[in-house]
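Chains as they are written, first to last, in UniProt numbering: chain A, 1 to 649; chain B, 1 to 649.
Take every hint as true, because none was put in to throw you off.
Only pairs whose alpha carbons sit at most 20 Å apart, straight line, appear in this in silico SDA-like list of lysine to any residue:
1) B/567 with B/555
2) A/513 with B/599
3) B/110 with B/64
4) B/596 with A/505
5) A/518 with B/604
6) A/191 with A/241
7) B/596 with A/508
8) B/19 with B/3
9) B/567 with B/1
10) A/191 with A/255
11) A/513 with B/600
12) B/513 with A/603
13) B/513 with A/601
14) B/518 with A/314
15) A/191 with A/259
16) A/518 with B/312
17) A/518 with B/315
18) B/596 with A/498
19) A/596 with B/508
20) B/596 with A/579
21) B/110 with B/67
22) A/110 with A/65
23) B/501 with A/592
24) A/596 with B/532
25) B/518 with A/320
26) B/596 with A/510
27) A/562 with A/551
28) A/513 with B/604
The set of hints was computed from the structure by calculation and includes no laboratory data. Because the structure is a prediction, the values reported are computed rather than measured.
Number of protein chains: 2
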Amino acid sequence: MLSSRLQEVLDGRWAHVRKAARSELTGDEFVTVFGETIDEARERVTRQLRRLPADPGVAAGFPIEYGGQADPGGSVVAAEMLAQIDLSLMVKAGVQWGLFGGAVVALGTKYHHDRYLRDIISADLLGCFAMTETGHGSDVQQLRTTCTYDPATQTFDLHTPHDAARKDYIGNAARDGRMAVVFAQLISGGKRYGVHAWLVPIRDEDGKPLPGVTTGDDGHKAGLLGVDNGRLSFDHVSVPREMLLDRYGQVAPDGTYTSSIDNDVRRFFTMLGTLVRGRVVVGGSAANAAKSALTIAVRYGESRRQFGAPGEDREIALNDYLAHQRVLTTNLATAYALHFAQDELVTALHDVQTADGPVDEHRQRELESRAAGLKAAQTWHATRSIQAAREACGGAGYLAENRLPGLKADTDVFTTFEGDNTVLLQLVAKGLLTGYRDAFGSLDGWGRATFVADQVRSMVLERTAARSLIERLIDAVPGRDEEVALTNRGWHLALFEDREKHLLDGAVRRLRKGASLKPERQFDIFNDVQDHVLETARAHVDRIVLEAFVAGIDRTADDEVKALLSKVCDLYALSTVEANKGWYLEHGRLTPARSKAVTGMVNDLLRQLRPHMTTLVDAFAIPDEWLNAAILREEPARQDVMAAHDATL
Amino acid sequence: MLSSRLQEVLDGRWAHVRKAARSELTGDEFVTVFGETIDEARERVTRQLRRLPADPGVAAGFPIEYGGQADPGGSVVAAEMLAQIDLSLMVKAGVQWGLFGGAVVALGTKYHHDRYLRDIISADLLGCFAMTETGHGSDVQQLRTTCTYDPATQTFDLHTPHDAARKDYIGNAARDGRMAVVFAQLISGGKRYGVHAWLVPIRDEDGKPLPGVTTGDDGHKAGLLGVDNGRLSFDHVSVPREMLLDRYGQVAPDGTYTSSIDNDVRRFFTMLGTLVRGRVVVGGSAANAAKSALTIAVRYGESRRQFGAPGEDREIALNDYLAHQRVLTTNLATAYALHFAQDELVTALHDVQTADGPVDEHRQRELESRAAGLKAAQTWHATRSIQAAREACGGAGYLAENRLPGLKADTDVFTTFEGDNTVLLQLVAKGLLTGYRDAFGSLDGWGRATFVADQVRSMVLERTAARSLIERLIDAVPGRDEEVALTNRGWHLALFEDREKHLLDGAVRRLRKGASLKPERQFDIFNDVQDHVLETARAHVDRIVLEAFVAGIDRTADDEVKALLSKVCDLYALSTVEANKGWYLEHGRLTPARSKAVTGMVNDLLRQLRPHMTTLVDAFAIPDEWLNAAILREEPARQDVMAAHDATL
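Work out the full structure: start from the sequences and follow the hints.
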């Protein structure tokens, strides 16, 4: 079947991880439950977490010597698969093995690894990743929690100076966490060395908070009821010197601070950079949840016959309506494009994190930028397409038993956690503005605008997967004018690239002008062009995604699959151009006639893809048990059609 | 204070209803509760419903002789106010007094009024409005439930022929309803007379389903937990002849059918038309819920200081960011525009429903079209802006205690109930295509396409509130070219009107062409241009909304308020033009330079309105108790700012 062959292409390099999840994570213990109380949901998810297999599994990223597989790519894919079962379970696993365990691996040293990693992998030691504070979400450099070293006792004093400095929204903090990786300002000898992390016990074996630790419960949330998010405050808690996760900064018994990275800001962002996997997991999980929603909506739209065609002997399914296709098929095309982009990102992450020798700074920066941009694109795609799927199912889409409400509620936070999307796009833009050189600069929003404006150089096009292919396609375009076929791939690529370049040039010009007019108003200089800068970042991500899709199609051997993917890619490219047609017209990249022709071609592609809507969702290969939507089991609409045919009156 | 004077303008004609709600519906019994079980929520909402005052209240629309106020406008506004307290309560009240009670009033006659209205108004008799069936959401003409008259027993036999014909998503059906207005196909003497409604007891005094009635529970939903939506099936239930709500169609004891309206379809849509109030309430309630969300997000964005301005001694609030204003202030401008449009709609509804003498068919059709269009616009605005408000509050926006998750989940169904928005926009478009003449034609999607195409005449501009004002403003535009100021109101009006006209002309042309090429493929003729037709309807609604806003500003006496509203109107108009700039450029209505200038002016207006963001939400005058958001009480961010200032290190 075409859908099975398409599935093989989508399953890709970690197909074994995907297939193992589909066959092993089944049965009653992994079925999503509706209408649980918060306590029931937490209980269930903790139970499920402990039953997750280690191999292949989310813990596959840990070093082999402690029981992992040294397979960071596999661990990301395993987490993404959990997102199709239950998003609370995915987040809980991500907190435990990605954030908490990942921080111990990446920021700690052998002392910490030997003592804790096995229990972390087995989930005998559940932990928290305590970075975010109530008063400081995105500006993590400015955390207010302090951890002050005292050489007399050889301990740190961990302290929450005021309410806004309490750690907030921390997974595992409300109930299950026994330890936490706590981020705070390191102070020694009266001097501040920036944000570092400590491994701090927070509860005793009975689950009672330890002396000086106050835990709180974030309580009910929009979704993710199974994750016990909570708050942590510290009242002069004593932390042994050894519990500083000291890979990037060490404090000697006498209080002397040492680090291989002199600059505090740079050190902090290097530390953060090692934790990039979280963003990759969140983006991929959001996209996978969107696939579940689209699968439900497309299958429902296929079975649901809303009206008979007037004057004709044929039934009209919801999926036959152009407006329905405009929503579902275009979102499907985006889902496919993002799948290939995520695939490329996971591969890049895996290769960077398993490379021998010292870290390649340039590749690391590029990975971080791409992870940030794709996390934003995928989570916004999830918010949009799950909402669209819900509406496409009408009243049925509002019932919990049809799964869509849960998918919407659970994924809704993804646009603002693991980095707020807007802040992440600014990070992407900053990387572009400085030619990737200063990407790990301050996250203070708009700091050092004049510096940035001075540093700008021409855009560096980073095309990991298929640089030569892309250039060949662009070069082959026979003049960029009205004569080129609307489905010419090189023309699409050129349009995307041109938009990014032009937006970037314009942003640079406007920043320079602002800097010359009011050099002292750094915030205003950036803020005046914030919309332009964000659009630049979006255009960049659009290009990255299209190029990954093109490269993925190029790798596909099966001609029939390739032809179908190519049509889906046409739709992704042209519907993206259509969404930005105002810009293309403003800048003379499309004539009015050509712009109208793009809309006509999008509609034509929707018609061509109509027979393949179910093929495209079948290839996601999500087990019915995971979809767990009552409307897909009952099919009352089909019964109704038959009954209507039988009606004698 | 400016905000108080602005509030007076917004409160408008039914200010006394709004003020009474704000002062009376307070205290513990009306506070929103988070984390309830479904049973607790249903219990609470039913209790609250019974405690709602009658005057002013949602029941104000009933005739004075039965205890109402004959004030349909007041009843709509009262329902809208409930939407700011608790959306379940609003829906429950809407089901009881709007749909159920409203159907008894509008479709029944004195017999039914005398027997039931007092108990309905007092909420001693809770009831359902049982129209929608599992298999037929939007195509209500094609309901499968039958009600067959038997002259021998002088009773009807009410029957659900198969599963897909069960009534579904029916409020009050799962728990509280004792009677239901049931819509079914009337059959007498072997002949079908189309859909009619009966008043049918469904439960006994103990709440047990009556013989032949099967009730079901829709269970957990995304939101609106306090509304007991459920299912109803009938197994040959005997219904006395008198229980037919027989205002528009009567069955004599011998089975003879009579009606003042010969055509079945026309009769059905006349019956539906009397129930237009439900759509007006849903649209207004969605918009009011959006105001709550925007109030929370704007106040939070004002107090939250995310970053300090680099190199300067000033704090930057979230609201200072252009990207934040792009989301919140433009949504606020839309909220204002829709407020005036809703105000005009409620007035039109009130005037039509309290007019003496026979129904003015033309005004009734226009009211239905406007109610449909504004319901779609307002509910989509609510979905978008509540989502935006949630994201603008970051992680805090995901916690139930901050109210936004509840607002999002509760309102989410509004885009697809009381008429699916897409279907409603098609209804609007059909009205435009036939110059309002055939607006009550079949809802079968695309029936009689050739007929419609033949009937098309030039667009009839209906401008209820300020026809001459609008024309004067448009006529005063000094040539529609680059020279006109970007804030020229006549130019805005001309742009909106021109877009609607041109889209309509194009739709007509394409429909005629399709009809001549393939007259037998009626579905395809319409479906090929469905996106175009929907865009036409959206352009129509945009114009209606702008004109209502302009008329509302014109009525405002207070100069300072007027100036502020005018700026908000500039932003609404230009951000709408900006959102559609692709179209304006494609059609030569904007030059590229002018289009870029529009974006520049939008940003400029955002800056000008920055100091008024809180004024604009304060004028909504939503009591803190109703907003009930923990982040607005705690203000940890402010504490943090002070603490940061105090920090000595």
